[in-house]
Amino acid sequence: MRRLFYLVREAWANMRTNRMTTIVAILTTAFTLTCVGIFLLIYVNLQHAAGWLQEDVKIMVYLEDRLSRDGRLQLELMLKSDHMVGSVLYISKEQALTEFRTQFPADSHLLEGLGENPLPASFVVTLAQNSRSPEAIKEWVEQVQTMGGVAKVDYNQQWISLLAELIGYIELAALGVGALLSAAAVTIIGNTIRLALFARREEIEILRSIGATGTFIRVPYFLEGAVLGACGSALSLGILKVGFELFRQQVQFVSRFSELEGLISFFPLSACLALVLAGTALGFTGSVVSLLRVGEGRV
Amino acid sequence: MDAMIQLIHVSKWYDRRPALSDVMIEIEKGEFVLLMGPSGSGKSTILRMLIGEEQPDEGQLFVQGKNVTKLKRSEIPYLRRKVGSVFQDFRLLPKKSVFDNVALPLIVQGVSEKDIRRKVTEALRAVGVEHKRDQSPSSLSTGEQQRACIARAIVNGPVVLLADEPTGNLDPELTGEIIELFKLINARGTTVVVATHNHHVMRQVNCRVISLMQGVVLPERAMPERVGV
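One line per chain: the protein sequences are X and P, in this order.
Residue numbering for the first sequence is 1 to 299, as defined by the working numbering.
Residue numbering for the second sequence is 1 to 229, as defined by the working numbering.
No lab work stands behind these hints: they were computed from the structure.
Being a predicted model, the structure only gives us computed values, none of them experimental.
Even for Gly, the Cβ is constructed at its ideal location relative to N, Cα and C.
Take the hints with a grain of salt, since some may be wrong.
Said to hold, decoys possible - Derived, one-sided and incomplete: chain X residues facing chain P with beta-carbon distance under 7 Å:
(1) 3
(2) 6
(3) 203
(4) 206
(5) 212
(6) 213
(7) 216
Generate coordinates for the entire structure from the input sequences, incorporating the hints supplied.
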């Protein structure tokens, strides 16, 4: 018990002795992990958005103006009987115009000059849950496109593909930046530990002479590295949280993006804990690297 | 008699200069031995080898039957726990109290809190600085610092006590006191080896003297009797 207490006390004493270096190490670790965290936060939210869009795949089947009422009913029946289709909603030319005026009140005058309603009637098709893969949607769309009375088929899958591509790039960037900045954090913490080792080299010599094992000598420095990493990552989470809340407030103020507020979210608790653990592991690695480099492995 | 320390044909070179040449020494259990010689004669090299701080280039060393030259690195700390060391410069940790300094070898070994208190108190009492237990080493006189250093060396009951120029920083009166302390420790059964170039020490101890000159052991002087045992 006293041994454990001694090791913890030594780690604490190291940090207190080199107070300024400790603070600088925590701050720089926090800064580097915040940079990684920003990428992770964007990545997590975009993936969330992609999943949400995938859930909400709506296919617009625009009808030719010359299609008769019977032809439209027949087409609707065909669509509804398709096992890939979940629901079908008919939007008449008049309904489309009303909806356009509601959604874009400032631009409704554009249609006034045209005299006749230029907007086509359409079916809004939601595919069944098990038919929402990009391949299935594409195949279904190509099939419907050839049906008589169908003018054009439109869907938001392109956006999803684009988003997926974007997420891929961000994932790569997060990995690259993460690896680079993690290496920086390891170096910073490693240097702090090396300074502590240098400051206490006489003490280490005495410990060796009285029979302390290599592990006994090294443990306080491992602890110090881990604590620096944990403090740095906890601080970076704090910075990220404050930044995130400020961003959310801004989103609330701008009415055009007000719906976005419900879509964005901070890391869940499990991810926060994983980040602190990752910081702790980085700090630990820093001290291991440092101890190996100064040859503190020897007894 | 059992041999506590044996050096068999030990040689050591530093930059092709011989520090020890074919040294043969045998020290028995419970003996009090003085390693005498001027600076650079090889006394400290022998002591450093006995605690595994250095390895000979040739020959073998045994402590309590264990071949020190064959020990793995991970085994050396356990050898040092059986061999107490006293240094000329005391090597006390300045930020810790006298009690904590003396307790260090026991903490390292994971001794219980209760035993640490008891053993440290006994060791401090034995060397006569019990009343200074809560003070920092810097507030102690040089003699008291050396006593605290000796308390740290004997606190875990080592089989051998090695002292490298333990009186180098002390005046003749304090030197006498420290030598008396070594005699007491030796009388309790601990083998004591003191390396010194101070001839006053030799006059104060009636024991075997091993003289070294430029890394070579000179023929032993015959001393009438040994201290202890």
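Comparing the hints with the structure gives:
1. 3: Nearest chain P Cβ about 5 Å off; hint holds.
2. 6: OK, holds: residue 6/X within 7 Å of chain P, min 5 Å.
3. 203: For residue 203/X, the interface hint holds, since the closest Cβ of chain P sits about 6 Å away, which is under 7 Å.
4. 206: Residue 206/X check passes; min Cβ-Cβ to chain P is 5 Å, inside 7 Å.
5. 212: Holds - the Cβ of residue 212/X comes within 7 Å of chain P, reaching about 5 Å at its closest.
6. 213: holds (5 Å)
7. 216: holds (6 Å)
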